[in-house]
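Visitor: Going line by line, the protein sequences match chains A and B.
Counted from 1, the first sequence has number 99 at position 78 by the working numbering; the numbering is strictly sequential.
Counted from 1, the second sequence has number 220 at position 217 by the working numbering; the numbering is strictly sequential.
Derived by calculation from the structure, the hints in this document are not laboratory data.
Each hint should be verified, as a subset may be incorrect.
[Claimed, not checked] To give a feel for the contact side, a few chain A residues facing chain B, derived at Cβ under 7 Å:
1. A131
2. I133
3. P151
4. D152
Here a beta-carbon is modelled for each residue, glycine too, at the ideal position from N, C-alpha and C.
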Amino acid sequence: MEQFFQQLLNGLAVGGIYALVALGYTMVYGVLKLINFAHGDLFTIGAYLGLTLLISCNIAGMLPPAAAVLAVFVMVGCLVAILGVILERAAYRPLRDAGRLSAVVSALGASIFFQNAIMLIYGARYYVYPDFLRPNFTVHLLGVAVPGVRLLVIGTSVGLMLLLWAFIHRTRIGAAVRAVAIDPDAARLMGINVDAVISLVFLVGPALGGVAGLMVGIYYGQVDFTMGWMYGLKAFTAAILGGIGNIPGAMLGGMLLGLLESLSAAYVAMAWKDAIAFLVLILILIARPTGILGERTAEKL
Amino acid sequence: MNRRVFAIALGIAICLLPLVSNAYWTDVCVSIGIYALLALSLNVILGQAGIFHMGHAAFFAVGAYVTGVCNTIQHIPILWLMPVSGLAAAVFAYLVARPIIHLRGDYLLVVTIGIVEIVRIALLNDLFGLTGGSNGTFGIARPEFLGFRIVKGIHFYYLVWGMVGATLLLFHGLWRSRFGRALNCIKEDDIASECCGIDVSGYKLAAFVLGAFWAGMAGTVYAAKMTTIAPESFNFMESVIVFAVVILSGGSQLGVLVSTFLFIGLPELLREFASARMLLFGLAMMGMMIWRPQGLLPPLARRYGGGLKSAAPDAMKDGPP
Numbered sequence: 022m023e024q025f026f027q028q029l030l031n032g033l034a035v036g037g038i039y040a041l042v043a044l045g046y047t048m049v050y051g052v053l054k055l056i057n058f059a060h061g062d063l064f065t066i067g068a069y070l071g072l073t074l075l076i077s078c079n080i081a082g083m084l085p086p087a088a089a090v091l092a093v094f095v096m097v098g099c100l101v102a103i104l105g106v107i108l109e110r111a112a113y114r115p116l117r118d119a120g121r122l123s124a125v126v127s128a129l130g131a132s133i134f135f136q137n138a139i140m141l142i143y144g145a146r147y148y149v150y151p152d153f154l155r156p157n158f159t160v161h162l163l164g165v166a167v168p169g170v171r172l173l174v175i176g177t178s179v180g181l182m183l184l185l186w187a188f189i190h191r192t193r194i195g196a197a198v199r200a201v202a203i204d205p206d207a208a209r210l211m212g213i214n215v216d217a218v219i220s221l222v223f224l225v226g227p228a229l230g231g232v233a234g235l236m237v238g239i240y241y242g243q244v245d246f247t248m249g250w251m252y253g254l255k256a257f258t259a260a261i262l263g264g265i266g267n268i269p270g271a272m273l274g275g276m277l278l279g280l281l282e283s284l285s286a287a288y289v290a291m292a293w294k295d296a297i298a299f300l301v302l303i304l305i306l307i308a309r310p311t312g313i314l315g316e317r318t319a320e321k322l
Numbered sequence: 004m005n006r007r008v009f010a011i012a013l014g015i016a017i018c019l020l021p022l023v024s025n026a027y028w029t030d031v032c033v034s035i036g037i038y039a040l041l042a043l044s045l046n047v048i049l050g051q052a053g054i055f056h057m058g059h060a061a062f063f064a065v066g067a068y069v070t071g072v073c074n075t076i077q078h079i080p081i082l083w084l085m086p087v088s089g090l091a092a093a094v095f096a097y098l099v100a101r102p103i104i105h106l107r108g109d110y111l112l113v114v115t116i117g118i119v120e121i122v123r124i125a126l127l128n129d130l131f132g133l134t135g136g137s138n139g140t141f142g143i144a145r146p147e148f149l150g151f152r153i154v155k156g157i158h159f160y161y162l163v164w165g166m167v168g169a170t171l172l173l174f175h176g177l178w179r180s181r182f183g184r185a186l187n188c189i190k191e192d193d194i195a196s197e198c199c200g201i202d203v204s205g206y207k208l209a210a211f212v213l214g215a216f217w218a219g220m221a222g223t224v225y226a227a228k229m230t231t232i233a234p235e236s237f238n239f240m241e242s243v244i245v246f247a248v249v250i251l252s253g254g255s256q257l258g259v260l261v262s263t264f265l266f267i268g269l270p271e272l273l274r275e276f277a278s279a280r281m282l283l284f285g286l287a288m289m290g291m292m293i294w295r296p297q298g299l300l301p302p303l304a305r306r307y308g309g310g311l312k313s314a315a316p317d318a319m320k321d322g323p324p
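Full structure from sequences and hints, please.
Guide: Following this line, the structure appears as structure tokens:
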């Protein structure tokens, strides 16, 4: 039973990370109908930027631990967000009126570009993450010893998700984002600056993705330049699982996928856990292509 | 017409190349040829039918592994295995594509990525105890043709490029047929095609199966050339490279050849930039979509008409190459 609880919490932690990355996919898909393949690599960039800030800039040495954690999270989020906006300007905006395939190919190109840029800058090896950000306390929960880092990851991702949910559903700017997702042309006629909304989505999504990358570094203690690809694919699976374009759906899908993966790794077969995740994706698309909570994108013939 | 001159010049150059180049470049051209076969087969699915399929390495892997396993365990000669591998890949493609073929573009893209990953993981985990896990299958025999053993690079060169030539001719005929017109129509607008009475799912499935058959045969050639195959040769990046080659080509067969040379061959010439090769590849993909979204050499517009003469084959000689 204890192993089950541990796997459950591990699943929630991994699921929280998937959910944060999935939010970036689902928001971009909502407004642009584009699978932003480069999102997974922005996630990797988040992890590597965190590494640079921690080791080369020695943030942890300058600030008390709690402030250092917060500072690194905020700085990584901001830097990756800026990169996301640049990406949209350079690679996607010129293709706004072109076919959907063009934008997808451009996104793939951007993904390959980022991945290799990281490889050229940092080298083709994996890095061990510094562990002084890793909280070393354990909490006893219902008789189970839970590592603090697990709680930190779950807490951060749930907190960010609630923040995003409130932003999208409780503010005027959030209403504009939802309006553009439903119908960009009508939104423009209502006086919404669609370009600004798209830029905003490319600011918020990559920021969450970058923070998720940082959390993976802290949680697993190791990063490599190709990791964004697998996380990106899993997160996209999560977004489809919950219903693409649907923000609560991405959160639910991410959590479910994380739980499924950690339980199947523990009780079915470790080596097949990635294959199981993709199998779920395929089955979902065949059986219920709109996902669990339903798709929130306008489909026109 | 310029294109025809260019195509003939390219053909002659390919025929004469191994006579003037050294063993290294002949080998490079063999791998370009294998990529060209793969790209031409993906062109059936992606270029002609417009199906976003990014899992072509899966079919290539099925072909290569069927060849590898049957040859090392049963010692069946390689050239006999070529149609068998093609058939195996085609059956596999039929089984996986059947339930997903109706999905809309980008969903299909993700599913095919999932398939290529599942195939790679299955091979890595030594499926049925036959594939050899992460080490792969080795000791694959050389092909033999009427007592002539194909061993040297130059032999493979003519085998591979001979296959490419045959493929070009065959597919050229195919694009001028009813089948080709139906696929092009589906690519333009599948709902309108459905309304015109075209069996959209049937034709899409047929394109998948045909493309997979060819990819399976390319897998045989690859296995015979390498004599060792491992799961990592069939990862998702291979699929992306072939996908990008087809997209950047614009969809005509000549375009596919040119873009294979550009994107697979050119990086070999620029060895000193080897580590930046994929970086430039990514940039090229972005740049092409922005400045030349139709690709390098899009197919020429089909020409019909000419009254009763249109039934004669030469009335369409400016059709898609």
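Visitor: Now tell me, hint by hint, if it's right for this structure.
Guide: Now the hints, each set against the structure:
Here the hint on A131(A) is kept, as its CB sits about 6 Å from the closest CB of chain B, short of 7 Å. With its C-beta approaching chain B no nearer than about 3 Å, I133(A) sits inside the 7 Å limit, and its interface hint holds. About 27 Å separates the beta-carbon of P151(A) from the nearest beta-carbon of chain B, more than 7 Å, and the hint is not met. With a cut of 7 Å, the hint placing D152(A) at the interface with chain B is violated, because the nearest CB-to-CB distance is about 30 Å.
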